[in-house]
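Once you have looked at the hints, place chains E, H and S on chain V.
First to last, the sequence lines map onto chains V, E, H and S.
Under the working numbering, read the first sequence as residues 36 to 380, first letter to last.
Under the working numbering, read the second sequence as residues 36 to 380, first letter to last.
Under the working numbering, read the third sequence as residues 36 to 380, first letter to last.
Under the working numbering, read the fourth sequence as residues 36 to 380, first letter to last.
Since the hints were made in silico from the structure, they are not lab data.
It should be emphasised that the depicted structure is a prediction, and the values quoted were computed from it without experimental measurement.
Do not rely on the hints blindly, as some may be mistaken.
Because identical chains share one entry, a pair is satisfied inside a single copy or across any pair of copies.
[What the hints assert, rightly or not] DMTMM-like mimics (lysine to aspartate or glutamate), calculated; alpha carbons at most 25 Å apart, straight line:
id, residue 1, residue 2
1, Lys94, Glu124
2, Lys287, Glu156
3, Lys172, Glu142
4, Lys116, Asp79
5, Lys38, Asp374
6, Lys287, Glu260
7, Lys63, Asp368
8, Lys302, Glu89
9, Lys239, Asp79
10, Lys255, Glu314
11, Lys287, Glu93
12, Lys239, Glu160
13, Lys38, Glu314
There are 4 protein chains.
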Amino acid sequence: MIKTAVLGATGYAGVELVRLLASHPEAKPVLLGSQSYDGQRISDVYPNFRHVLETECEKLDLDKVAQCDVAFTALPHGASKDVIPQIIERGVKVIDLSGDFRYDDIEVYEKWYGQKHSAPELLKESVYGLPELYRDKIKNARIIGNPGCYTTCSILGAYPLLATGAGSAKNVIVDAKSGVTGAGRGLSQQCHFCECTENSKAYKVATHRHTSEIEQELSKAAGEEVLISFTPHLIPQKRGILSTIYINLNRKYTTEELVDLYKDYYKDEFFIRVKDAGELPETKHTAGSNFVDIGVVADERLQRAVVVCALDNIVKGAAGQAIQNMNIMFGQDEKTALDRPGFYL
Amino acid sequence: MIKTAVLGATGYAGVELVRLLASHPEAKPVLLGSQSYDGQRISDVYPNFRHVLETECEKLDLDKVAQCDVAFTALPHGASKDVIPQIIERGVKVIDLSGDFRYDDIEVYEKWYGQKHSAPELLKESVYGLPELYRDKIKNARIIGNPGCYTTCSILGAYPLLATGAGSAKNVIVDAKSGVTGAGRGLSQQCHFCECTENSKAYKVATHRHTSEIEQELSKAAGEEVLISFTPHLIPQKRGILSTIYINLNRKYTTEELVDLYKDYYKDEFFIRVKDAGELPETKHTAGSNFVDIGVVADERLQRAVVVCALDNIVKGAAGQAIQNMNIMFGQDEKTALDRPGFYL
Amino acid sequence: MIKTAVLGATGYAGVELVRLLASHPEAKPVLLGSQSYDGQRISDVYPNFRHVLETECEKLDLDKVAQCDVAFTALPHGASKDVIPQIIERGVKVIDLSGDFRYDDIEVYEKWYGQKHSAPELLKESVYGLPELYRDKIKNARIIGNPGCYTTCSILGAYPLLATGAGSAKNVIVDAKSGVTGAGRGLSQQCHFCECTENSKAYKVATHRHTSEIEQELSKAAGEEVLISFTPHLIPQKRGILSTIYINLNRKYTTEELVDLYKDYYKDEFFIRVKDAGELPETKHTAGSNFVDIGVVADERLQRAVVVCALDNIVKGAAGQAIQNMNIMFGQDEKTALDRPGFYL
Amino acid sequence: MIKTAVLGATGYAGVELVRLLASHPEAKPVLLGSQSYDGQRISDVYPNFRHVLETECEKLDLDKVAQCDVAFTALPHGASKDVIPQIIERGVKVIDLSGDFRYDDIEVYEKWYGQKHSAPELLKESVYGLPELYRDKIKNARIIGNPGCYTTCSILGAYPLLATGAGSAKNVIVDAKSGVTGAGRGLSQQCHFCECTENSKAYKVATHRHTSEIEQELSKAAGEEVLISFTPHLIPQKRGILSTIYINLNRKYTTEELVDLYKDYYKDEFFIRVKDAGELPETKHTAGSNFVDIGVVADERLQRAVVVCALDNIVKGAAGQAIQNMNIMFGQDEKTALDRPGFYL
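Looking at chain V on its own, in the form it has when it is part of the complex (with noise of 0.2 Å):
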């Protein structure tokens, strides 16, 4: 039975940890971590714990977190960088989900965070936690830079393309369409309900964080620079990202090409599935799973690519992936806890 930790099990994606925890048959969410709720139980905060979990909540205790083999860490940015490297000291593993483990290159980080990253040599160390890229080296590591939402979905989305050479790296745009649980639980006027239903908007145009993380993936994939524009937008649901991603193609493809060809270099994938040409993704075939859905269309008028990509953000696109990460570096089965398919209704 692995013992876990997840701190700050009182956010979005950390109730969301516990709540595929609550069923992992290996795992066990032994301490949760909250600032906030310090000495109520997890059921007091989230009744529909009720009877199922009434773990107590707790201020954050090195010692305790000591006795665990994993600390999945869903700490506000700031409080997350002083408690990682002790956490790691104490020989117990660590899936961030915050962004500060998930760049090669420090000074890009720093860039686009505009502060200087706080753990320079675990930065160097860590693993960026996309199984589909990275499984071999997660297998291994002790410190795991879990990607997010946006990321996760739009690099798996335009990964093939740019990998095998199909897609120009040049102009390539990603909208990114995100329901509001991406926003977290914090109180903010744009997310007061009255606010937010029957409203959709872009926000952080051209300055999006995430927009860098992409991008050191991409090139990665392209093997050349790839600079993408990368517009995210706020639409009324709670869970779910839509990816629309534009590629350039490098020689003319159909649509049914296109789908081979992503069919084909994700066969391996449990988690990954291609729709058949004619067919796009939808958010709430993947609401409350850890997969990924992925359509693709070839313009063939305009030679460009425009594939579709969607999962639940805080499943795939947070906590799911956490666990999918947990899975492979204690052995067990990838699926295991996350082989459920997931709400529709």
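For chains E, H and S alone, coordinates are given in the frame of chain V:
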């Protein structure tokens, strides 16, 4: 391994059965019946199932049903009445999700449904599938009339007050609010997104069939005839029933006393969660799970109890309850595949 | 041209006042009071006003208010009580949207609000601003206690039955469902989109302040004390109140008789639309308009009426009613700026 | 008083026309055409109209249409093509909301619509009803091809960059998100509330007919052929279109420069509101109004503009624009009945 048939697998109750059975360790949905989607995989109709369950739907074939241990019948009214006797004849147990096998008194059925009952003998034999009330009879039943969402919510909410004599049988009022999955997957103007969102309404005031079913069970609880006002409402959410129940009290009670009464009454019931005094249920706490949340308030000024009861209409109000019944009938732990905390988000 | 001040212009009731005044041919919002957005244009806070109304919001300045004909006070409780007497002193009429000036009996106010009233003399003078009941008094009032959403909906729904003696004063139950604008624009966990959507709940059961206000008016209708169960619920939509009201009947009635009774009672009321027998109101039919839709059903089996009443909580339940009162006070046609059909979509 | 006929009055575009005409001081909807609701009052079909407008809907009768000054045709494709020439013959002006009269080049129409055009002569005469571009021609037109939601939003958003030469005609990408009213009132599985809420998806990728219409206008703006990727998406809200447009810039620009360019370009347009640098449009700011909100960002890193454009698809994208056209055609102030701020809530 219990071999199950889900007849009507592509309706909302049906597909929720398939979802829950897909992660049941001791049961398997081997046969998915669907007239409309014959020959298509369940994962074509509900793409959330891709990579998880890709069984082909098929038209009703009684010989194939005969190879199962139990059939869940979630068929349109009318379809179900001819089919069920033939399934029983073949030695297969039936858990029926329609209203046909829920009545003690055939005359009540015929009055509220406005038609002759097609299988009076089977009706006599059938057991009302509310495990919290009839667990022992369910164990050995061949045919279960699985209660619906409004009835489960209203009966479990009102039962303790009437069964203990704390509440009066006169002037019982049940004001129930239902999510739109309760109206099923069929198309209708009122279920069009643009008509349904930002809208609430009452319907079938004083005439809804479930009235009679609630009265049947509450009368047994009270030991005298209980007649109720039952008003169903449609509210703009997918899942969830909230019943607000008004019962005059036979003497003065405090809220604490009523809460104790409920906690005591349901102390052995895993799926019933009585809220502490001062807390009230919310539909989202039960969404996706088989739990029933109950809050009670004594209005001391009026010597009246207000009971608020929440559940997920397609889980405890349909598919989850059906599986709970199956678990009991086949000697499984009643909680199997149902001990999940729900989605919350 | 009536010069109006809207104090508290950036809350939801306030901004709806501004929206309606912006197309009132005989009134003008010349002063927009806002503590939080002092110095910002209303069109900065609510960008829907750009190119239409770009007035700057300002802190309260009584000398400026003194130049208006009427002030709408939609202030946080507490703020309002000091300000209103000073406005009245300056010869400006006040239409107050708080609960402070709605009571006949100061003791009832002080009991339900748990505090001393700050202006007992003004309270005595104030007129309850429900035009359908007090049109004549409103004409000459200096200060109006403008009724809120729950009270308007519940009083107008129940009034005819109690005023005509058709209904019994005993066992009156009002089960009300409200959209989220009713909770205002302030931030709270329960109004976070992700907590609010797909969720319904009851709150303040047996203790909501509006109970006392409804009882005050219905007692006057019945000519005897009427005590009610009033249960407010929060449902996932922006606008709309739906009150379902249960009243025992003093003799047998058919639905048709009750509908006739209501149609006759309200035959001169433009803003009240009584549904034909067999039809029921829906909140979306009233959204964005000042109309109140009422449907009545006689449950002959139980000798009980079920009345369903719908309105838009921030129009007829706040801003629209305030303008209706203003129209009456200033000799305008009562319907001015309010004779629109609502949005539907 | 302009006498108007609304043919197809009970669809979503039609009923929005009726709503806006109901408060137009100089026009009156004297004839409401509806095949499906012949003989029913508009207030029976849309009860928000009760007490405001209770006109009976009627089947098409050309003699009655002949007594009107203008007919708005919001008919199903096919119905419209036979009817319109006959209306024109009778000396009644036509504002057609279908795609039939929006094309300069009949071949483009026939290619994208897959059929012969039924009235080539009328097509030649017809004027594209985008007042911001063709105000002068609209004044004297007999027949207007009223642009739809996607096209209005995309053309107005992209126009200034292409018309001024700031933007390149190559690699223009329009990623558009639409509310569900855009799909009309007809029933379909995808518009069922339970399928639609909590869901987003792309559709008709690379093949949507509006592509050709946008290309027609943008090519005229650029003075060279502009081919675009146009991807429509369905998002879970009723009203609103948000177009995110990517256009490469011909030299380096700052955001401020682009904002100035847009403000200057649209400086005389009441219905176009260009956001200040740093601000972005949101669909709810335009809901219920005829406004178009545009935000522009220069991605200096990539020398690319990202333009975000929002409008209400059934107002500026259909009914409001049609009335704006009518106002121009009949010498009214263009803003008449359209100078409202929208709902916000």
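Hint check results:
For a Cα distance limit of 25 Å, the shortest separation of Lys94 from Glu124 inside one copy, 19 Å, qualifies, whereas the shortest one across copies, 55 Å, does not. Taking the closest pair of Cα atoms, Lys287 and Glu156 never come within 25 Å of each other, the shortest separation being 45 Å inside a single copy and 38 Å across copies. Taking identical chains as interchangeable, the C-alpha atoms of Lys172 and Glu142 lie at most 25 Å apart only when both belong to the same chain, with a minimum of 23 Å there against 57 Å between chains. Taking the shortest Cα distances, Lys116 and Asp79 never come within 25 Å of each other, neither inside one copy (29 Å) nor across copies (37 Å).
Taking the closest pair of Cα atoms, Lys38 and Asp374 come within 25 Å of each other both inside a single copy (21 Å) and across two copies (21 Å). Within a single copy, Lys287 and Glu260 get their C-alpha atoms as close as 23 Å, and across copies as close as 20 Å, so both meet the 25 Å cut-off. In this assembly of identical chains, Lys63 and Asp368 lie within 25 Å of each other by CA distance both inside one copy and across copies; the values are 16 Å within and 21 Å between. In this homomeric assembly, Lys302 and Glu89 come within 25 Å of each other (Cα to Cα) only across copies, at 17 Å, whereas the closest approach inside a single copy is 40 Å.
For the identical chains of this complex, Lys239 and Asp79 are inter-copy neighbours only, at 19 Å across copies versus 35 Å inside a copy, given an alpha-carbon limit of 25 Å. Proximity of Lys255 and Glu314 under a CA criterion of 25 Å is satisfied in neither setting, with 29 Å inside one chain copy and 34 Å between copies. In this assembly of identical chains, the alpha carbons of Lys287 and Glu93 never lie at most 25 Å apart, being 58 Å within a copy and 41 Å across copies at closest. Proximity of Lys239 to Glu160 under the C-alpha cut-off of 25 Å is found in neither arrangement, the shortest distances being 30 Å within a copy and 45 Å between copies.
Taking CA atoms no more than 25 Å apart as the test, Lys38 paired with Glu314 passes in neither setting, with 41 Å inside one copy and 33 Å between copies.
Consistency with the previously given hints fails for numbers 2, 4, 10, 11, 12 and 13, ordered from lowest to highest.
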